[in-house]
Every structure is written in C-alpha cells, then in structure tokens.
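Since the structure of chain Y is provided, determine the placement of chain B on it from the hints.
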Amino acid sequence: MIYGERIKQARELRGFTQTKLAELLKVTQSRIAQVEGEFRDVADSLIAEIAYRTELPLSYFSKAPENWLSAGSLLFRARTSISKREVTQSLRDAEHVFGLAYSMAKNLELPVSLRTINGDPKDAAIQMRALLGLSATVPIHNLIRILENAGIWVLAVPAMKGRDAFCCWAEADGRQIPVIVISPDCPGDRLAMNVAHELGHLVLHKNMLGRLSPELEKEAFAYGAELLMPEAGIRADLRPPISLTRVALLKPKWGVSIQALIRRSYDLNVISERQYRYLFMQLSSKGWRTTEPIPIVPEKPRLLKKMAEVLYGSPVPIDRIAADADMLPAEVSRVLGLYAEAEKKPDAAKSRVVAFPAPYRAGK
Amino acid sequence: MDANSIPPLFTCETDPELVVSTLESLLFAVYEAFEVALPEVEQLIEREGFERTSAIFNHLVRCKAKTRLCAFDCQDEDGGANTLQIERVMLDGLALEYRGLRFRILKGAVLPTAQSTQRQRFYQQELPIWSPDMPAPSLRTLVILWDTDSTWQFSRLYLAAPKSGDARTAEAYWQYEIKHPAEGIAPPPSGPTGPDFGDLDNVRPLSAPLVVGKRE
Numbered sequence: 031m032i033y034g035e036r037i038k039q040a041r042e043l044r045g046f047t048q049t050k051l052a053e054l055l056k057v058t059q060s061r062i063a064q065v066e067g068e069f070r071d072v073a074d075s076l077i078a079e080i081a082y083r084t085e086l087p088l089s090y091f092s093k094a095p096e097n098w099l100s101a102g103s104l105l106f107r108a109r110t111s112i113s114k115r116e117v118t119q120s121l122r123d124a125e126h127v128f129g130l131a132y133s134m135a136k137n138l139e140l141p142v143s144l145r146t147i148n149g150d151p152k153d154a155a156i157q158m159r160a161l162l163g164l165s166a167t168v169p170i171h172n173l174i175r176i177l178e179n180a181g182i183w184v185l186a187v188p189a190m191k192g193r194d195a196f197c198c199w200a201e202a203d204g205r206q207i208p209v210i211v212i213s214p215d216c217p218g219d220r221l222a223m224n225v226a227h228e229l230g231h232l233v234l235h236k237n238m239l240g241r242l243s244p245e246l247e248k249e250a251f252a253y254g255a256e257l258l259m260p261e262a263g264i265r266a267d268l269r270p271p272i273s274l275t276r277v278a279l280l281k282p283k284w285g286v287s288i289q290a291l292i293r294r295s296y297d298l299n300v301i302s303e304r305q306y307r308y309l310f311m312q313l314s315s316k317g318w319r320t321t322e323p324i325p326i327v328p329e330k331p332r333l334l335k336k337m338a339e340v341l342y343g344s345p346v347p348i349d350r351i352a353a354d355a356d357m358l359p360a361e362v363s364r365v366l367g368l369y370a371e372a373e374k375k376p377d378a379a380k381s382r383v384v385a386f387p388a389p390y391r392a393g394k
Numbered sequence: 026m027d028a029n030s031i032p033p034l035f036t037c038e039t040d041p042e043l044v045v046s047t048l049e050s051l052l053f054a055v056y057e058a059f060e061v062a063l064p065e066v067e068q069l070i071e072r073e074g075f076e077r078t079s080a081i082f083n084h085l086v087r088c089k090a091k092t093r094l095c096a097f098d099c100q101d102e103d104g105g106a107n108t109l110q111i112e113r114v115m116l117d118g119l120a121l122e123y124r125g126l127r128f129r130i131l132k133g134a135v136l137p138t139a140q141s142t143q144r145q146r147f148y149q150q151e152l153p154i155w156s157p158d159m160p161a162p163s164l165r166t167l168v169i170l171w172d173t174d175s176t177w178q179f180s181r182l183y184l185a186a187p188k189s190g191d192a193r194t195a196e197a198y199w200q201y202e203i204k205h206p207a208e209g210i211a212p213p214p215s216g217p218t219g220p221d222f223g224d225l226d227n228v229r230p231l232s233a234p235l236v237v238g239k240r241e
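Chains as they are written, first to last, in this note's numbering: chain Y, 31 to 394; chain B, 26 to 241.
Chain Y with its partners taken away, still in its complex shape:
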C-alpha cells in the first residue's frame, strides 16, 4: 500500500510545492493533490518517479506515516524570521533524521536523565549545572556532548542550514525523548548559545512549546546565558571598563560570541544601556554583527553515529543502515557526515607498559 501522507511528507521534506512536484513529474497539480489525499490509486510508474524526484526509496512510501516531532520552539521562530514552507521543510527533515535515529534506538539502551525544572531561569540553570555534574563557575566547551550524555538527542539536520535551532519532546512508542535540532553550519559560539537556549525551553516550557511568547523566549535566553556564562564565574572576568577588546579576549575562554558577552555585561549591570548601545554600534561598524572575529569551531553532535557504531559496528555499513531506515545510502552518508567520529585517545594500557632493559626481558 502507498500512503498519500508519505508522499506529502516526502514533497515537504524536499521543499517542493504541489505545483513544483507536478511540474517535475509532468502531471497536473490536482493529480498530486489526489494522490496525497488518497483519492486515487498511484500508478507504479508515478510512485517510482516520485521516489526518484524526492530521492527516497520506494519502501519509504509504503511505511505508515509517523508524526514523532511537533514543531515545538520552531513555531515561535517561524513567526519571526522564516516562511511556513521553510518551517515545514525543517520539521520534515528533522523527522526524517529522527526516524533514522529511532530505527536504531529501538534496539539500544538510551537512558534519559533530563528532567524539567520549574521556576526562575537563573536558578534552573544553576540546578542544571549541578545535575550535569558541572562546576558552578567554569565555562562549558562541550555542551552538546554533555547533553547527549544526559539523554538529549541533538540532531544536526541538513535542511536547517542557515537557520538557528529548535526543540521538542518527541513522542515515540510511549516514550518521551527530548530533542534539539540544530543547523550543521552554525558558527561554534552561536551554536553553543542556541543549544543552551533550546535546553531552556525543554526544561522550563515542556508543555508550552507550541505556544511560545516573547516572555518565554526571554526566559530561555536568560537560562542559556546563565548556563554558559554563570554569574558566579564570569563576573570576575567582566570588570569595567568593558571594551570590544576586553570582551573579545573572553570569547575563546567562554566559547560564546562577543555579542553574547556584551549582552551578559549589560544584564549583570556591568555596563549601562548607553555603553551597551555604543558597543553594538562599534560591532556594526566593523561588520561583526554578522561575522565575528575569533572563529570557534562548532561542536558536532555524536549520538547518531554512536548509535550506528554500537548497533552495526565500526566502520558503519551505510547500505544496511539505509535499508533499515527507508533511506537512500547517499542520504544516510550525508547525514552521518554531520556527526562526530569517536575521539582517538592514547591507548592507556599501552602507555602504562614500561620496556624492561634487555637482560630482564621474559625468556632471555
């Protein structure tokens, strides 16, 4: 059986309108509407052509549709900066990648230790540091790995390119999985703040993700700022007078943008509103609002590739994973390429081996 909903999902995944897909397939738009609504059977030749144009295997269309993800915090961002079609495409791609992860996760143990926290964003961030086993004052340079370790799925999604991030609590077989979806091309400093911000939504606004407001956004920003730049740790670094040079020196240490550091200085009353505006004018005049100096390499998520390695072995067999997840091998390869490899660590056992002088070697 071919599911019309899957055809629609495939079309949205590739960012096609019905008209665009109809043009590619040389059929009418109404024909696409009919097959998506399951008002007409789909000829084998047509579904083969749809599969070709959407770069998906035929098996994708005969699998019952799943709606694991809700748009979550993406809905709020949609109102401000991106079109409805882009929102849908990002969501569909996130579902697609989630589907790949979930096809593996069903056979794995993945403990989730994240819990929601009510109350003040600052207190919640302080509590979160304690829950994650982090000191109250130090910078965090591997937030994604820390969150993945706590059971949060951080998914890098190709269609999110040029966008920020969003989060939701996924529903899958009665399980609730906290998910943060990130752009694969975001600068490292911005990425860290995006992830911390979305974590704030997951923790503080679990039941409100579809109806975010500017107030809730502010809370998430406050949460993210306190998590990455805890007042107890950063105040000593933000001694007046604050200049661009001073905050730029702090950027590599704290792993956040110069803009975030200026904002933090303002929020902690280290600088006045006038100084805050002056510094942002300086940033603008240097073109640093869009591209800052001191690039920070973005942290790649690891979980998806780790799942594949645990389940299938390393190196991961792309064809088998693709077949199990109803994806084409090229796409699996492209997606897994966005995730971190295992770190190569010095072999601890080997390094403890001390070579005996020749006369004492065994057997001599």
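Don't read these hints as lab results, they were simulated from the structure.
We put the beta carbon where it would ideally sit given N, CA and C, even for glycine.
Any given hint could be a false lead.
Using 30 Å as the maximum straight-line C-alpha spacing, the simulated DSS-like pairs for lysine-lysine come out as follows [claimed, not checked]:
| hint | chain 1 | residue 1 | chain 2 | residue 2 |
| --- | --- | --- | --- | --- |
| 1 | B | LYS91 | B | LYS132 |
| 2 | Y | LYS50 | Y | LYS114 |
| 3 | Y | LYS374 | Y | LYS136 |
| 4 | Y | LYS330 | Y | LYS248 |
| 5 | Y | LYS316 | Y | LYS248 |
| 6 | Y | LYS316 | Y | LYS374 |
| 7 | Y | LYS330 | Y | LYS114 |
| 8 | Y | LYS283 | B | LYS132 |
| 9 | Y | LYS316 | B | LYS89 |
| 10 | B | LYS132 | Y | LYS316 |
| 11 | B | LYS91 | Y | LYS316 |
| 12 | B | LYS204 | Y | LYS283 |
| 13 | Y | LYS316 | B | LYS204 |
| 14 | Y | LYS38 | Y | LYS56 |
| 15 | Y | LYS152 | Y | LYS236 |
| 16 | Y | LYS283 | Y | LYS248 |
| 17 | B | LYS91 | Y | LYS283 |
| 18 | Y | LYS330 | Y | LYS316 |
| 19 | Y | LYS191 | Y | LYS316 |
| 20 | Y | LYS93 | Y | LYS50 |
| 21 | Y | LYS56 | Y | LYS114 |
Calculated Cβ distances over 10 Å to all of chain Y for the following chain B residues [what the hints assert, rightly or not]:
| hint | residue |
| --- | --- |
| 22 | LEU34 |
| 23 | ILE70 |
| 24 | PHE82 |
| 25 | ARG127 |
| 26 | GLN149 |
| 27 | SER163 |
| 28 | ASP191 |
Just chain B now, with coordinates in the frame of chain Y:
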C-alpha cells in the same frame, strides 16, 4: 633611560609588518586605551554639558587615554629598558617611549604637518642629511594616529614612520593600519576541552537485542 642610548630595533626600511608585530603589546594597549576613552568622553561631555568641539573632545580623549596607558604594564621580559614611559600630555598629542623608540600619538587619518620645529625634528628620524649611498637610517620615531568617524566613534588606528615635514607638508616612509586586537586573538583549539564524559558509554545494545535488518 634615554631612548637614543638603546640600540635601534629597526631601520626606516624595515618591513612595517615586522615593526607592527614587534610592537604588538604596545599597540594592543593603545588601541584599547582609545576604545575605552572615547565612550567615556562621550558620557562626560553629555553629563557636564560641555560644548562639543573637536578641540575639547580630542583633548579629553587624550587625557582619558593617558590615564588608561599609565595603568598599563607594558614591561617586557628584558626588564626596564622596555618599560612604557609616558612623557607628557601636550596640547596636540601624547608622547611615549618604548623599547628605544619615541612615539607621538596624534589625531587624524594621515600624518599631520609639522608646524613646530620640535615636530619637524621628530619627523626627521636621526639623520637630517642622508644620501642613498649611506646605510638606511635607524627608525627612532613613530607616530600613532587615531581617528574617529562622523559620529565621533573611534574608527581607525595607524602606525606611521615619519620621514620629514614642515608647516605645509608631511611625508612618511610608510603608514600601516593597525587591525583591531580582536582580529589577532587566536581561536581556541577545536575539540572537547571540558570535563570528559567518555564516548557516550551509556549507549548500549539492549540486553536481549532484536534482530537488526529486514527479514526476507
């Protein structure tokens, strides 16, 4: 110690990039001093209700920058010879000595003319008479130029090696724009530098693993 008693670091033909990189710590300090001074002066003028003229603005900026530079510890490993010495605040500029070099910090985007004989001497380095068959003259004096944009915001800093000047003209061996110090700060090393949480070791196969892959 008198600047002239220290062997010269550079000649007038030394690559300006080498000069700039050698003086990096001083230029860093000067950049930050002006970066801090300008908004402070803006605030002061507004608070005190001073008339905003170039003369008042520039003079206050020099005073504020001097205060910042006095607090700056520019002493190098070599000891006292490399200590930053601030000579005085004059009506038309700040004067510094550092590593055997004498500096004037002046306002503008190009080397200003030399109205006074004192500045004319300053521009002429150490050899008033020089011919091409003589070795390149030592570089003894440098000018740091600071400039603002139309909104009185700090916009640029330059380092110039003056050559000559009189009441109508001024010539430099070279003039080099100093990048913002942030552009010279090294990025942090990539890869995790925080607490080691292992390689997600809590991801394990189910105790009774399901068969992976599709059944034929």
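Going down the list of hints, with the structure as the test:
1. Distance restraint check for LYS91 (chain B) and LYS132 (chain B): the Cα-Cα separation of roughly 14 Å lies within the 30 Å cut-off, and the hinted pair is therefore satisfied.
2. In summary, the hint linking LYS50 (chain Y) to LYS114 (chain Y) is supported, as the alpha carbons are separated by about 16 Å, within the 30 Å threshold.
3. At most 30 Å may separate the alpha-carbon atoms for a hinted pair to count; LYS374 (chain Y) and LYS136 (chain Y) meet this at roughly 28 Å.
4. Restraint check for LYS330 (chain Y) and LYS248 (chain Y): the C-alpha separation of about 26 Å stays at or below 30 Å, so the hint holds.
5. Straight-line distance between C-alpha atoms of LYS316 (chain Y) and LYS248 (chain Y) comes to about 27 Å, which keeps the hinted pair within the 30 Å bound.
6. With a CA separation close to 39 Å, the supplied pair LYS316 (chain Y) and LYS374 (chain Y) exceeds the 30 Å bound.
7. Proposed proximity of LYS330 (chain Y) and LYS114 (chain Y) is supported: the alpha carbons are some 27 Å apart, at most 30 Å.
8. The suggested pairing of LYS283 (chain Y) with LYS132 (chain B) is violated, with an alpha-carbon distance near 34 Å, which exceeds 30 Å.
9. Under the criterion of a C-alpha separation no larger than 30 Å, the hint pairing LYS316 (chain Y) with LYS89 (chain B) is consistent with the structure, at around 23 Å.
10. Restraint check: the Cα-Cα separation between LYS132 (chain B) and LYS316 (chain Y) comes to about 20 Å, which is no more than 30 Å; the hinted pair holds.
11. Straight-line distance between C-alpha atoms of LYS91 (chain B) and LYS316 (chain Y) comes to about 25 Å, which keeps the hinted pair within the 30 Å bound.
12. Distance check on the hinted pair: LYS204 (chain B) and LYS283 (chain Y) sit about 21 Å apart at the alpha-carbon level, within 30 Å; holds.
13. Straight-line distance between C-alpha atoms of LYS316 (chain Y) and LYS204 (chain B) comes to about 11 Å, which keeps the hinted pair within the 30 Å bound.
14. With a C-alpha separation of about 17 Å, the suggested pairing of LYS38 (chain Y) with LYS56 (chain Y) holds against the 30 Å cut-off.
15. Distance hint between LYS152 (chain Y) and LYS236 (chain Y) is fulfilled; the C-alpha atoms sit about 17 Å from each other, no more than 30 Å.
16. Distance restraint check for LYS283 (chain Y) and LYS248 (chain Y): the Cα-Cα separation of roughly 25 Å lies within the 30 Å cut-off, and the hinted pair is therefore satisfied.
17. Between LYS91 (chain B) and LYS283 (chain Y), the direct Cα distance comes to roughly 29 Å. Compliance with the 30 Å bound is thereby established for this hinted pair.
18. Taken as a hint, the LYS330 (chain Y) and LYS316 (chain Y) pair is honoured in the structure, with Cα atoms around 29 Å apart against an allowance of 30 Å.
19. A threshold of 30 Å between alpha carbons decides the hint, and for LYS191 (chain Y) with LYS316 (chain Y) the separation of about 25 Å falls inside it, so the pair holds.
20. Restraint check for LYS93 (chain Y) and LYS50 (chain Y): the C-alpha separation of about 24 Å stays at or below 30 Å, so the hint holds.
21. Between LYS56 (chain Y) and LYS114 (chain Y) the CA atoms are separated by roughly 25 Å; this keeps the pair inside 30 Å, and the hint holds.
22. Against chain Y, the non-interface label of LEU34 (chain B) holds: every CB pair exceeds 10 Å, the least being about 25 Å.
23. Non-interface call for ILE70 (chain B) relative to chain Y: holds, since the shortest CB-CB distance, roughly 12 Å, exceeds 10 Å.
24. Against chain Y, the non-interface label of PHE82 (chain B) holds: every CB pair exceeds 10 Å, the least being about 15 Å.
25. Its beta-carbon lying about 25 Å from the closest one in chain Y, ARG127 (chain B) satisfies the requirement of being farther than 10 Å from that chain.
26. The non-interface label for GLN149 (chain B) is consistent with chain Y: the shortest C-beta to C-beta separation is roughly 33 Å, beyond 10 Å.
27. Remark: the non-interface label on SER163 (chain B) is consistent with the geometry, its nearest Cβ contact in chain Y lying 31 Å away (cut-off 10 Å).
28. For ASP191 (chain B), the requirement that its beta carbon stay farther than 10 Å from each beta carbon of chain Y is met, with the minimum near 35 Å.
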